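Combine both chains into one complex, guided by the hints.
Going down the list, the protein sequences come from chains Z and E. Under our numbering, think of the first position of the first sequence as 1, with each following residue one higher. Under our numbering, think of the first position of the second sequence as 1, with each following residue one higher.
Worth flagging that the hints you see were computed from the coordinates, not collected in a lab. Do not take every clue at face value.
Pairs of lysine to any residue, SDA-like flavour, derived with a Cα cap of 20 angstroms [what the hints assert, rightly or not]:
{"hint": "1", "chain 1": "Z", "residue 1": "Lys68", "chain 2": "E", "residue 2": "Leu12"}
{"hint": "2", "chain 1": "Z", "residue 1": "Lys49", "chain 2": "E", "residue 2": "His13"}
{"hint": "3", "chain 1": "E", "residue 1": "Lys19", "chain 2": "Z", "residue 2": "Leu11"}
{"hint": "4", "chain 1": "Z", "residue 1": "Lys53", "chain 2": "E", "residue 2": "Lys232"}
{"hint": "5", "chain 1": "E", "residue 1": "Lys422", "chain 2": "E", "residue 2": "Ala218"}
{"hint": "6", "chain 1": "Z", "residue 1": "Lys49", "chain 2": "E", "residue 2": "Phe5"}
{"hint": "7", "chain 1": "E", "residue 1": "Lys19", "chain 2": "Z", "residue 2": "Arg70"}
{"hint": "8", "chain 1": "E", "residue 1": "Lys541", "chain 2": "E", "residue 2": "Ala528"}
{"hint": "9", "chain 1": "Z", "residue 1": "Lys53", "chain 2": "E", "residue 2": "Asp18"}
{"hint": "10", "chain 1": "Z", "residue 1": "Lys53", "chain 2": "E", "residue 2": "Ala528"}
{"hint": "11", "chain 1": "Z", "residue 1": "Lys68", "chain 2": "E", "residue 2": "Arg29"}
{"hint": "12", "chain 1": "Z", "residue 1": "Lys53", "chain 2": "E", "residue 2": "Lys322"}
{"hint": "13", "chain 1": "Z", "residue 1": "Lys49", "chain 2": "E", "residue 2": "Met1"}
{"hint": "14", "chain 1": "E", "residue 1": "Lys232", "chain 2": "E", "residue 2": "Gly182"}
{"hint": "15", "chain 1": "Z", "residue 1": "Lys53", "chain 2": "E", "residue 2": "Glu52"}
{"hint": "16", "chain 1": "E", "residue 1": "Lys19", "chain 2": "Z", "residue 2": "Phe71"}
{"hint": "17", "chain 1": "Z", "residue 1": "Lys68", "chain 2": "E", "residue 2": "Glu20"}
{"hint": "18", "chain 1": "Z", "residue 1": "Lys53", "chain 2": "E", "residue 2": "Gly2"}
{"hint": "19", "chain 1": "Z", "residue 1": "Lys49", "chain 2": "E", "residue 2": "Lys322"}
{"hint": "20", "chain 1": "E", "residue 1": "Lys322", "chain 2": "E", "residue 2": "Arg29"}
{"hint": "21", "chain 1": "Z", "residue 1": "Lys49", "chain 2": "E", "residue 2": "Asp670"}
{"hint": "22", "chain 1": "Z", "residue 1": "Lys68", "chain 2": "E", "residue 2": "Asp18"}
{"hint": "23", "chain 1": "Z", "residue 1": "Lys49", "chain 2": "E", "residue 2": "Glu52"}
{"hint": "24", "chain 1": "Z", "residue 1": "Lys53", "chain 2": "E", "residue 2": "Thr674"}
{"hint": "25", "chain 1": "E", "residue 1": "Lys19", "chain 2": "Z", "residue 2": "Thr46"}
Since we're looking at a predicted model, the values are computed, not measured.
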Amino acid sequence: MPSGALPMLILRVLQTRSLHGYAIAQRIHLLSSEVLAVEEGLLYPTLQKMLVKGWVTAEWGISETNRKVRFYSLTPEGRNCLKTELSDYGRVTQAIQDILRTA
Amino acid sequence: MGEIFRRIRYLLHRRRFDKELESDMEFHREMAAREGRNNFGNTLRMREQAREAWGWTWLDRLVQDLRYAARTLGRSPGFTLTAVLVLAIGIGVNVAGFSLFNMVALKPLPVPDPGSLVRLERRSPQSYTSEMPYASALFYRDHAKSLSAMMAVLGVPPMEIDGDLQPTSASFATANYFAELGTRAAYGRMFEPAREDDASAAPVAVLSYSLWQRRFGADPSVVGRTIHLNGKPATVIGVTPYDFATLGGQHPDIWLPIAQQPYFVEGSKVLTNPSAGSVRMWGRLAPGVSPKMAAQELLALTNELRRQHPKDIWNNEYIDIKPGAHLQVMQPEMYRVAAMVAVLTLLILAVACANLGGLLLARAVTREHEMGIRIAIGASRGRIFRQLCTESLLLAFLGAAAGLGLSYVVLRVALSRLDTPKWVTAVPDWRVLLFTIGISVVAALFFGLTPALQIARQRQRKTIARQVLIGAQVAASCVLLIVAGLLVRASLHALYTDPGFGYEQLLSVDPQLGQHGYTPADAQAFLAQMQSRLLAVPGVKSVSLVEMPPLGHIVDRMTTEIDGHSVAIYPNWVDSGFFRTMGIPLVLGRSFYAGEKNAVIVSQSLARKQWPGQNPIGQKFKNGDDSFLVVGVAGNARVNAINDDDAVELYWPAQTADMADMVVMVKAADEPGTLPPIVKSISASLDPKLFPETRQIKLLYHDNVLGVERVAMAVSLIGFVAVMVAGVGIIGLVSFSVSQRLKEIAIRLALGAKKIQVLAAVLRQFAWPIVIGMVVGTGIAAAASKVLRKALYGVDNLDPLSYAAAILVLLAIVGLAALLPTRRALRLDLAKTLHYE
Numbered sequence: 001m002p003s004g005a006l007p008m009l010i011l012r013v014l015q016t017r018s019l020h021g022y023a024i025a026q027r028i029h030l031l032s033s034e035v036l037a038v039e040e041g042l043l044y045p046t047l048q049k050m051l052v053k054g055w056v057t058a059e060w061g062i063s064e065t066n067r068k069v070r071f072y073s074l075t076p077e078g079r080n081c082l083k084t085e086l087s088d089y090g091r092v093t094q095a096i097q098d099i100l101r102t103a
Numbered sequence: 001m002g003e004i005f006r007r008i009r010y011l012l013h014r015r016r017f018d019k020e021l022e023s024d025m026e027f028h029r030e031m032a033a034r035e036g037r038n039n040f041g042n043t044l045r046m047r048e049q050a051r052e053a054w055g056w057t058w059l060d061r062l063v064q065d066l067r068y069a070a071r072t073l074g075r076s077p078g079f080t081l082t083a084v085l086v087l088a089i090g091i092g093v094n095v096a097g098f099s100l101f102n103m104v105a106l107k108p109l110p111v112p113d114p115g116s117l118v119r120l121e122r123r124s125p126q127s128y129t130s131e132m133p134y135a136s137a138l139f140y141r142d143h144a145k146s147l148s149a150m151m152a153v154l155g156v157p158p159m160e161i162d163g164d165l166q167p168t169s170a171s172f173a174t175a176n177y178f179a180e181l182g183t184r185a186a187y188g189r190m191f192e193p194a195r196e197d198d199a200s201a202a203p204v205a206v207l208s209y210s211l212w213q214r215r216f217g218a219d220p221s222v223v224g225r226t227i228h229l230n231g232k233p234a235t236v237i238g239v240t241p242y243d244f245a246t247l248g249g250q251h252p253d254i255w256l257p258i259a260q261q262p263y264f265v266e267g268s269k270v271l272t273n274p275s276a277g278s279v280r281m282w283g284r285l286a287p288g289v290s291p292k293m294a295a296q297e298l299l300a301l302t303n304e305l306r307r308q309h310p311k312d313i314w315n316n317e318y319i320d321i322k323p324g325a326h327l328q329v330m331q332p333e334m335y336r337v338a339a340m341v342a343v344l345t346l347l348i349l350a351v352a353c354a355n356l357g358g359l360l361l362a363r364a365v366t367r368e369h370e371m372g373i374r375i376a377i378g379a380s381r382g383r384i385f386r387q388l389c390t391e392s393l394l395l396a397f398l399g400a401a402a403g404l405g406l407s408y409v410v411l412r413v414a415l416s417r418l419d420t421p422k423w424v425t426a427v428p429d430w431r432v433l434l435f436t437i438g439i440s441v442v443a444a445l446f447f448g449l450t451p452a453l454q455i456a457r458q459r460q461r462k463t464i465a466r467q468v469l470i471g472a473q474v475a476a477s478c479v480l481l482i483v484a485g486l487l488v489r490a491s492l493h494a495l496y497t498d499p500g501f502g503y504e505q506l507l508s509v510d511p512q513l514g515q516h517g518y519t520p521a522d523a524q525a526f527l528a529q530m531q532s533r534l535l536a537v538p539g540v541k542s543v544s545l546v547e548m549p550p551l552g553h554i555v556d557r558m559t560t561e562i563d564g565h566s567v568a569i570y571p572n573w574v575d576s577g578f579f580r581t582m583g584i585p586l587v588l589g590r591s592f593y594a595g596e597k598n599a600v601i602v603s604q605s606l607a608r609k610q611w612p613g614q615n616p617i618g619q620k621f622k623n624g625d626d627s628f629l630v631v632g633v634a635g636n637a638r639v640n641a642i643n644d645d646d647a648v649e650l651y652w653p654a655q656t657a658d659m660a661d662m663v664v665m666v667k668a669a670d671e672p673g674t675l676p677p678i679v680k681s682i683s684a685s686l687d688p689k690l691f692p693e694t695r696q697i698k699l700l701y702h703d704n705v706l707g708v709e710r711v712a713m714a715v716s717l718i719g720f721v722a723v724m725v726a727g728v729g730i731i732g733l734v735s736f737s738v739s740q741r742l743k744e745i746a747i748r749l750a751l752g753a754k755k756i757q758v759l760a761a762v763l764r765q766f767a768w769p770i771v772i773g774m775v776v777g778t779g780i781a782a783a784a785s786k787v788l789r790k791a792l793y794g795v796d797n798l799d800p801l802s803y804a805a806a807i808l809v810l811l812a813i814v815g816l817a818a819l820l821p822t823r824r825a826l827r828l829d830l831a832k833t834l835h836y837e
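Same shape as in the complex, but just chain E (with noise of 0.2 angstroms):
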């Protein structure tokens, strides 16, 4: 111990130390010197022989090449920049993933001990959902210990605002929600947990930053004022401050106390049904208690639930606990993705890499002069290898610096973009500048190697180590121009394919008669009065019924097995009209009557997978202990999977009792943004207390669309820029190779060869490299695309028109880029190059 203290009083105070040493050994050759004894030794080596006892001489050749290396790099400004850009775009684009990742995964919440939140979610080995019913959340809450506190948020469609044509976004939560995330308000006060359990309170509101913004004028006085919701009364008490961060990442306009869900949703028993999935659950685990205790406290009283409502908890169910404080709770598949977009980006700092160290070994030669000087002189290889790694180092360290400034503006510009709460920023946090100081030298590793390897061996006559660089860019850029040309593709596919129905003119009106209290019977008269009231509107050409219309908030899927392969299935329930109103042919067979039970209209993609060869119609299609008749087959639509290509739809036909959830689907002759104004007066004429939600199914399928287009957009960009970096790259080494062999070019044209056996013989030695780069990118590539399947919509990710495109892309690059050295080349004055030295 003592002894590294003494070791860092002799980093310390070096200039003192040195000079004791120094008046020692003086005084020592005086002394020898008046006995007559003179020893002429190298003064200067020994002092540095004894400092080397000392134990820092590694830092001191440190400093030294760092010094030279940036007095070199200083020297040859255009290769710097070069190298520096290249570095930054390859670290900048792994830098700005790895942010966006941070931000949405890894970063806490600012928010007070976000390690013990958690989200909590109903989960089985064949199941998933993630909204509990709130009775089942309380149930939780009042027995679990190892909980000491649940908060609990029920979505709802859209509020109307005090007679707004366009309703505003808005969620109940339960009253410790902003309590226990420690939110302070802009203005007024947030939810008291005191105040706001009480179910008789006074209804109260509050308004978030952007809403009062927006809609309030910013105007300080709305704190205690009334506005109306939906028509009903609530006094406003705060405004949630600027950068507020909620659980789970959504950010509603109004936020309401849950335990006034009934007064604003007349006649709503959600939050009493212990069968009726409403809320995402979240908690914080108690001090000291893990979140495995928790798992298992709760599982047991998961059993003890199932032993009270048996039907509404599933076999083999617990809860699973996720942490919760994070902008996104993490789903496996979504570490999927991230791993995807990982390697895409790794890759492009690949061809910068391989870049750079084609750059590198270009310079390797004009420095023989140099290295030749130096080992002469007696530098070790060793050590000039030492100082060659040092140099990439601090070349990398600067393209990290400029690839973190990159990575910067990239994202700001990105987050002003998309909608992201405002406690998220781009500035880097420890995580990210550790993961860039990583990245670096990484890179450094991977371009620097090389080069210094070969000047330390002064082998720099072998082509083998330009022959691999070239390789090595043609594979990654191969890899990364096929991903981008499969996701546009598939962009395109989105962007033209029918998906089955006529979303065009179609409006979903969601009147929620279940939510407000409907009995089956009374929802089966207002429908029937609501849909006799629209066919009379001369903007409606067609009405049906349909339980989960198109791009809803909610989806059903089940799996069956056929002929040993698993199949998803979506099912619906629907009316009669249902094919009619949405556009979506009858192949076979016919619709449903009304009142039809024991039938089931199946897609044509079902029942060619159910029943190949043979006519559906008359089957039987088996649902547990139940079996249906087939009475029509239609065309498939994916009404409920709008990306997944191979889905297969049913249809059963909507009974009395399944009234209360149904949805009405409404096509307009034409425009259908005319028509909800005129849906709400006909729905506030027949029950004033309903707010239906109405949306537009064309508008819905366009922003689906355009996610899709965003994501194929960048990575086309991305997958260009990694392109044209290698394109350059190779323009370097060819030309780097041409200007080698100058002389031999001249040589031979002047002896009478064609240009064309000229250029075969310049180009000869990166044919090879070429080809099996190719090969082995394109490998590469239709094994990595196998993960994207499920974002590609459609389009066989073995698809030959992308991987012909992209190929011939890249060949053309590749062409261009070792043609242009060598037809500059070619141009030569014979005779001044045959003259000069």
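Pulled out of the complex, with its shape left as it was, chain Z reads as follows (with noise of 0.2 angstroms):
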């Protein structure tokens, strides 16, 4: 899948609820009737820098195995930049479509 495109899934992802990571590839996974699998060698370094530049932040919770581990979810930031990121993949999408079908 194209790369740049995770960050705005993992957004897109957490708009509803907190999830922990391995949640949140599920339902990557899921949402996209399996066509996307992401993988850990790539999710966790996107969660990192998500997390600093301040997009997501994480907080200890219980998971549903009984277990300690950490839930992400969006900041006000976050929000925003979801927000950004939709409209200009939205656009480019468009152009590239455009281009696609009259070229």
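Written out as structure tokens, the structure reads:
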């Protein structure tokens, strides 16, 4: 998958609720009808980048398997970022489609 | 902004964040394993990648590299010690040079608000003087709104305390001098502006700390005591502190209020005379005023002053404002000297770096194995290169620390030998530290880059790097040796060249008649009496009068154009007996008659320049609108320009009007040192209020020469050290070369080659670099020595003897350095060598 899209997807997935890392990967896999699979090696570096940039925060919680794990949630900056990313992505996709249709 | 704080938090709490990351990823694996998906990836690698997002990987790598570099250096202590020593010398010399410059020109005096202190001097495109009339200084003070304070210092000849045989140095200063500098008395008090400004107040004096220790036995009860200065009683009111900082770096032993100058120097009109340059003027800029604004206001005031006293102000005169709160007020020539010294010290650094580069190259070969392994494991070339650069940086900083220590020691020794004010310390300040760091980075770049590149690219077989290094060392050493040779020759020249007059037996006696209010007629009478009384003394051979004595306090110089060249002429006013007393031969013509006007005597060099090939006698010399008849030609005598071999002299006959400024020259029959007390008693009997300044010319001459000698010695020492370092470096590189080709040499010898042939084969690769290095070095030295001309005292800057000597010495050292290792190689046990693997 285009690596630039992952932060956007993570932000979108976290918009409605907080999730831990594995759940994020699962949800992306599920919602994309198993087309997109996020590897560990890509997910965690991206999450760390987003943590440093301040788009998400992490807090300790209890998972469904009764284990202590960190849950990621959006920050206000993250929400703004999501809005910007979505609109940018929309524009770019539209532009690419226009070219593919007519060129 | 927030991002930066977050990144810093990640740096500070690394371990915690790392653990959190670890737990996240472990959990991820657990969950994946539950669902049967086993991702076997490299956990550590993924964590490392995740951590990269924090942005501190470079710091990690740097710490890693430093640890590794420290271990590597520790494993070869011999190499490390040599390298640090070489660097310490190269960096230390530069740091010492910069420290001296810092002390003199950059570090501000330890006084309140040094930034606003300025030195004010009269200047015009044609003229310059360091002293101005006190009346002018007062005028500027009263009218300049851009100056919040004015300080003036009046230098006078040494004064006699209470009948001492040797006089003591003294200066007059304005009453606000100590107040403006924030000086706190060690004992008693300093001048107070309100009390000491009054000319009719009781006369007071302030003593310097060292005078108080030397002559008054460090006795605190001296405060309040009355002492006699040149016979005039004055009360001691205080002692300056041990580390007293003065403006301009001169430290007289006695300070007197300038308002009381007429009391101590009876009859003096110096303070009110608008034409007599007398004081050095300093000022404080008013708050918020820039030097530019002040300069403009002062220019307007100068023009106003010219309207009031048109004869005393030059055309196009302006007041030059320079920062005043440094040890030395920097003149443009001083910057040139500083630049020259900087170049020399950088050359030494270049030799040290080339040397070290060679050492590192040699070491690189022994590390081939290590590098091979690292590359095989997977290190990228860039990574290895970075690590080697870090090694060089570590070495450079170790060398810098050692160099800093070395420079501190050298400076301590130098400061204790030279006569510096006590507040100047050898302890480095922030400027020196910054400079040290900068120069060690530069050094690391120079010596570290080449070997690192070579190692990283694994191309050590080529010898070009080795050759360049040797060439560079030879060139730099060549320049240093030649310059040292020139300076040594100059000092020898100065020592053994006849200045043209008989300084060994001369005494100058300056009664300062003008300063004591003598009229020209009175002065003439006094001088006539003095001369006749002196001639009656058995130890005196002859006497005469001169306005500017040799090595005196004042020098006059005029520049004229002869045949398109500008020539600097030193004029002087003399009486008829001058040439005989001074021992200057009259080559043609005659000396002056008594009372002669419109005549002039020229020196041989001036005659040759002005009237080449003709008889100068009878010619006319033009000065402005007047023309004077040449009646005599004197031998060249650098009376007023001891250090300038191009100097040219001109002598005017002294007129009655000049008599108050005249100085008596006495030629002793044998030892002039016995005469000063006799002169003193003669003068006292003629007029007790006079205290003539008596100086032995040969002592002054030797002091002058001593300065040159010291500089030459220092430079020679440095040049010698640099050449030794270069020599050691060359030995290293050659023995390295030889060790590489040991087998080849052994085979050649076994096959019957003559030793000379083998030597030639091994050393041939060094022949060209050495030759090129010498040529380049000589060229650079020739160009650079042009700057030294003024300091070279008559030695041509292309003096063949110095160049030849330097080149021969260098060749000898280089030859020795090259031959020594090869000789050892030639005496090998062939069988053993051929078997050795």
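Cross-check of the supplied hints:
With a CA separation close to 24 angstroms, the supplied pair lysine 68 of chain Z and leucine 12 of chain E exceeds the 20 angstroms bound. Among the hinted pairs, lysine 49 of chain Z with histidine 13 of chain E is consistent with the structure: their alpha-carbon atoms are about 16 angstroms apart, no more than 20 angstroms. For a cut-off of 20 angstroms, the pair hint linking lysine 19 of chain E to leucine 11 of chain Z is broken: about 24 angstroms separates their Cα positions. For a cut-off of 20 angstroms, the pair hint linking lysine 53 of chain Z to lysine 232 of chain E is broken: about 83 angstroms separates their Cα positions.
With a C-alpha separation of about 17 angstroms, the suggested pair lysine 422 of chain E and alanine 218 of chain E falls inside the 20 angstroms cut-off, and the hint holds. For the hint pairing lysine 49 of chain Z with phenylalanine 5 of chain E, the CA-to-CA distance comes to about 14 angstroms; that is within 20 angstroms, so the pair holds. Between lysine 19 of chain E and arginine 70 of chain Z the CA atoms are separated by roughly 11 angstroms; this keeps the pair inside 20 angstroms, and the hint holds. Note on lysine 541 of chain E and alanine 528 of chain E: the hinted pairing holds, with a Cα-Cα distance of about 16 angstroms set against a maximum of 20 angstroms.
Annotation: proposed proximity of lysine 53 of chain Z to aspartate 18 of chain E holds, straight-line Cα distance about 17 angstroms (limit 20 angstroms). Distance restraint check for lysine 53 of chain Z and alanine 528 of chain E: the Cα-Cα separation of roughly 96 angstroms exceeds the 20 angstroms cut-off, and the hinted pair is therefore not satisfied. With a C-alpha separation of about 14 angstroms, the suggested pair lysine 68 of chain Z and arginine 29 of chain E falls inside the 20 angstroms cut-off, and the hint holds. For the suggested pair lysine 53 of chain Z and lysine 322 of chain E, the alpha carbons sit about 53 angstroms apart, so the restraint of at most 20 angstroms is broken.
Taken as a hint, the lysine 49 of chain Z and methionine 1 of chain E pair is honoured in the structure, with Cα atoms around 16 angstroms apart against an allowance of 20 angstroms. Of the supplied pair hints, the one linking lysine 232 of chain E and glycine 182 of chain E is violated, its CA atoms being roughly 29 angstroms apart against a limit of 20 angstroms. With a C-alpha separation of about 13 angstroms, the suggested pair lysine 53 of chain Z and glutamate 52 of chain E falls inside the 20 angstroms cut-off, and the hint holds. In summary, the hint linking lysine 19 of chain E to phenylalanine 71 of chain Z is supported, as the alpha carbons are separated by about 15 angstroms, within the 20 angstroms threshold.
With a C-alpha separation of about 11 angstroms, the suggested pairing of lysine 68 of chain Z with glutamate 20 of chain E holds against the 20 angstroms cut-off. Annotation: proposed proximity of lysine 53 of chain Z to glycine 2 of chain E holds, straight-line Cα distance about 8 angstroms (limit 20 angstroms). Taking the CA atoms of lysine 49 of chain Z and lysine 322 of chain E, the gap is about 56 angstroms. The hint is violated against a cut of 20 angstroms. At most 20 angstroms may separate the alpha-carbon atoms for a hinted pair to count; lysine 322 of chain E and arginine 29 of chain E exceed this at roughly 74 angstroms.
For the given pair, lysine 49 of chain Z sits about 94 angstroms from aspartate 670 of chain E by alpha-carbon distance, which is inconsistent with the 20 angstroms threshold. With a C-alpha separation of about 16 angstroms, the suggested pairing of lysine 68 of chain Z with aspartate 18 of chain E holds against the 20 angstroms cut-off. Taken as a hint, the lysine 49 of chain Z and glutamate 52 of chain E pair is honoured in the structure, with Cα atoms around 9 angstroms apart against an allowance of 20 angstroms. For the proposed pair lysine 53 of chain Z and threonine 674 of chain E, the alpha carbon gap of about 89 angstroms is over 20 angstroms, so the pair is violated.
The hinted pair formed by lysine 19 of chain E and threonine 46 of chain Z meets the criterion: a straight-line CA distance of about 17 angstroms does not exceed 20 angstroms.
The structure is inconsistent with the numbered hints 1, 3, 4, 10, 12, 14, 19, 20, 21 and 24, although it conforms to all the rest.
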